[in-house]
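Asker: Chains as they are written, first to last, in the numbering used here: chain A, 207 to 621; chain B, 1144 to 1416; chain C, 1019 to 1521.
The set of hints was computed from the structure by calculation and includes no laboratory data.
Backbone N, C-alpha and C fix where the C-beta goes; we use that ideal spot for every residue, glycine too.
Please note: incorrect hints may appear among the correct ones.
Said to hold, decoys possible - Just the calculated beta-carbon pair ranges, DEER-fashion:
#1 B:ALA1160 with A:ARG612: 38 to 44 Å
#2 B:PRO1355 with A:GLU599: 43 to 49 Å
#3 C:PRO1122 with B:PRO1355: 50 to 56 Å
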Amino acid sequence: MSDAPTYGVPTDGAPTSGAPTGGDFLLERMPTARPHAPASFGGAGPRPAYRAEAAFKIHGGCGLMGICDESGALMPADLAVRAMAVQRDRGNGLGAGFAGYGIYPELPEHFCLHLMLHDERAREEVEATLERSFVIDQAEPIPTRHFGAGVEAPLLWRYFVLPDPHALETLEIGPEDLVVHTVMQINSSVDGAFVASSGRNMGAFKGVAFPEEIAHFYRLEEYEAHTWLGHNRFPTNTPGWWGGAHPFNLLDLSIVHNGEISSYGINSRYLEQFGYKCSLGTDTEVIAYLFDLMLRRHGLPLELACDALASPLWSEIDRLPPEERELKRSLRAVYGPAMLNGPFAIVLGFSGGMVALNDRIKLRPLVAARQGSRLMVASEESSIREVLDAPDEVWAPRAGEPVIARVKGASRVVG
Amino acid sequence: MTASTSFDGRVVGYSRAAPPVVRSGDAATIDCRGTYHTYVNKAVRQAFDEGAHTVRLDNINGQRYIGTGLSGEGRRIEVHGTPGQALGMFMDGPTIEVFGNAQDGVGNTMNGGRIVVHGSAGDVLGYGMRCGRIYIGGDVGYRVGIHMKAYKDLRPVLVCGGKARDFFGEYMAGGLLVLLGMHSRLPGPVVGGHLATGMHGGEIYVRGEVEPWRHGKDVTAFPATDAEMEGLSGVLADYCAAVAKDLDEVLAVPFVRVRPASLRPYSELYTSL
Amino acid sequence: MATSFVQAEFRVCIDDDRCHHCGRCVQQCGWGVYTFDERPLPDDVKCRACHRCVTFCPAHAITIEKSPLAFRDNASWQIGLRKSIWRQAETGGVMLTGMGNDKPYFSVFDHLVLDACQVTNPSIDPLREPMELRTYLGAKPDAVEVEADGAGGFRLKPGAGLRNNVELETPIIFSPMSYGSVSLNVHRSLALAAERCGTLMNTGEGGLHADLYPYQDHVIVQVASGRFGVDPEYLNRGAAVEIKVGQGAKPGIGGHLPGEKIDEDVSITRRIPRGSDAISPAPHHDIYSIEDLRQLIYAIKEATGYKPVGVKIAAVHNVAAIATGVVHAGADYVYLDGFRGGTGAAPQVVRDHIGIPLEIAIAVVDQRLRDEGIRNRASIIAAGSIRSSADMAKAIALGADVVAIGTAALIALGCHLCQGCHTGSCSWGLTTQKSELTRRLDPEWGAERLSNLVRAWSHELKEILGALGVNAIESLRGSRERLRGVGLDAQTCEILGVKPAGL
């Protein structure tokens, strides 16, 4: 690891400070207020059970972007990072992250688990868990740079695994279900361990910092992806926990989310019926599981899954032609407990592309644009303008209407 | 470009340094490329304080709060690029002209002055406006013109040239809100649903048709009378001059006037022992 | 003749200075309190404090006081208990009463509070923004099966999609109250109001009078153990059919409508001889095990072309298991009647001591159905003294789809909860068949009152939803997270699935 760039330093050379300086009110990182933040990573003492973080409900904030090249061409991370840098004021330095798709072209069929670990013991326990049902073909620390003063990073490892055929046979489940099961197990019962992403040929990179800092820390300039998601958070309680940042991921579904889901109580109870454990106390978690349920397990087309989550008003459904009306009515009646209420803008990334969606009365901003084969969405138009220098069109998507990008030739929709 | 990229791939975001300002007579030109908004706005205020009447901002992309809280009738800001959130919020007197699209929160609680956007504007435009004029050349988003209010000779005016989404004119208490629906690439109707819910004052005019189900029982929508159109013509002429539209084309399609059904729409709703 | 030991509970006071001596009170009182000799002479012991005379006295000369007769205090032997023994010693009879449990038992609803959104998630303004209360009553399919429609979109596969559901504009329906226990004018009022509000009323076990046929799309027809009025035409007329297995006010026992309340019309509607008692057996004699219930449910479905068939049960100890059985047996909805539910007549000891609170029943039934993975197969209707829109919101947050109101509906029509229903002499003309009393309720006026109530509670529910930051009832239904307990013990909180306030 080379030099230690210090973060929070204004580039005009003024010294680092946690508190706002003078009368300029620069947007610096908020001081962490919680005295009992998880113990320093790697220190002695009991490993934190991250599920205890669930008691502090983490609110989804505040700035997001997604960009997909539908031709499948790979793009440098710098596009996503610059887009998020423009939206710096939407966050407060206490959470940011990126997800990239197509970043591991040498091992495209392996599930790549990105792990956040408190210490070596946690890592050993995770490895033992994985060895029970997977073949680990490659295991290594995720390359990072050193973070500066005041920011502590967990151990970060990645495992490229394939399900052990014997395990699949014994448990009588498919590979994706095995991964989901294992991820839920690690997250809920291995203290000091959290699976940040678990998809094929993709990965999530996130932590407690500003987006530019996260990108620099994870050496994102070394990756290229056909789809990038980015996020910048403004949590109102201040967990020191890296797993709480966005994107939230399960298999190859990643979600970045701006807003708060006020229907969380019933959404999580609905998911529990199907075996999902909503253990992390974030409402973003339920969005990822709902997509997994509807797309992968129920086989619903993407457009209809979006309809279920941001259902049109009954008054609009009543005005549709009969066949469409029956479809929308049935969808809403069956998936009522899955409907997301509350303000939200979300971008879902998956191996075949991405989809952006607003709540049914568009209480959060979202702008979309197209340039050639690239489709981009962001919370603010200026993020788009930073990256796309001559867009063919720029528009604001309607409430509840998904914006879908599909990568040509992608063989899998989900998983 | 806003954010610079250094040799090791590090993106550093907006720079926190005063931008270069060039003075020439009573105009000042500021190159805002990559400059954090506090420095841009500070430079704007400084230029006005030093006697400039017009400040031109070049290479704007995403800087927030431009013109926020500024007063002074003769002052003018030209924005080249995409200004960030809350353009002209609480503004009281100056003129801002945007050559491009604006984002959300334009003219929030504006007290006076003029904002002209040649492109489109986002959501929550003109919220709580009390006076002044906002002219948008293109489309606008959700919750436009909420709770505009008039008081004595303070009367806000908001004219949108393209299409609008839901909750247009919600809770209107006073002022003038106009929607033209012209030259838009957006599919669908001129105005969205829940038009003017809770309206209890003011005037809304929509060029074209408004289906009855788009608004609730608290408002009525009837063809505008000749007298009403006469009253509107001054504003429309001013608007067309500002955004380079053809007044004859604007007036070629009949307008609908939306008005509240009652000054006290909720008087029947409550009761007590 | 022995002097009764049971003294008057109330004292009728007439201000003679105001009294017009018009005799209106004599005519208005259904209980026979008044005789008249130059001025009204009340017999206090007959008075039930129903306030009919007070309301209609043109001079406002009447007031009803609690009798100041002092009893020696005894926290264990409350006055009511002593009076019951005196009466039972006189008559040897079972103490009968009407309406719901009036004892000061712990109210769970009154110890639950609702959330509100602020800052990080804004509340919604229900007056200006859409707020959806529409609810579908019935079984929902497990999945939505679609196929490509050939034009780039999708459509339902043939036979898939939502079917056999009743659409309600608001999650409030009227509880079953049989024609016989209430008057025909009450039924007419309920039917009219149900139609106007886009909701449902329920015949109760007394059959469907022909006057209600025009409203049949807003009527649930009930099949109770006595099978009164049940024939194929009856079954086909309703929007849904309900099998009544139990009732919250009198779990486990049957119904009893005294012969006095069976007049010509009741006789025709129930298809029983005039003047005979109408006894509903305690169990359905053809349901002695769960597969029998399944058989009855499917028989009805076959007879009606698969209309929604629901089952009404009382909330008792193992209500979760019973409800699960009911849903497995094919019911499209489960109607849970809590121990506070009302009745036209029930033994007091049963009404007051048998059954469990509705709130607990909703919570355990909803959770058990989810655990079994069958929550979508049936809607939950919750009833048993839903007193306000707050009770309704809490019931829905606990897991109910719909609430049913009976007592509240009668109160809207004039009932003062005097608990005299079983005598058949209701001064308000509600729980009686005497024509001089029943004519007092004009169905148009009644429908207006009921519609007002439903509309007012629906608006209040919208205000509550707005405060919760949701704009559709689906997002509150079953969302226990929006409730907190105040003064509930930890175990009750756990059973309800509700956190204590502060967490």
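Asker: Next step is simple, just say for each hint if it's right about the structure.
Answerer: Results of checking the hints against the structure:
Judged by the Cβ atoms, the range 38 to 44 Å given for B:ALA1160 and A:ARG612 holds: they are separated by roughly 43 Å. For B:PRO1355 and A:GLU599, the Cβ-Cβ distance of about 32 Å falls outside the hinted range of 43 to 49 Å, so the restraint is violated. Here the CB-CB span from C:PRO1122 to B:PRO1355 is close to 53 Å, well matched to the stated 50 to 56 Å.
In the structure shown, a violation is registered for the earlier hint numbered 2 alone.
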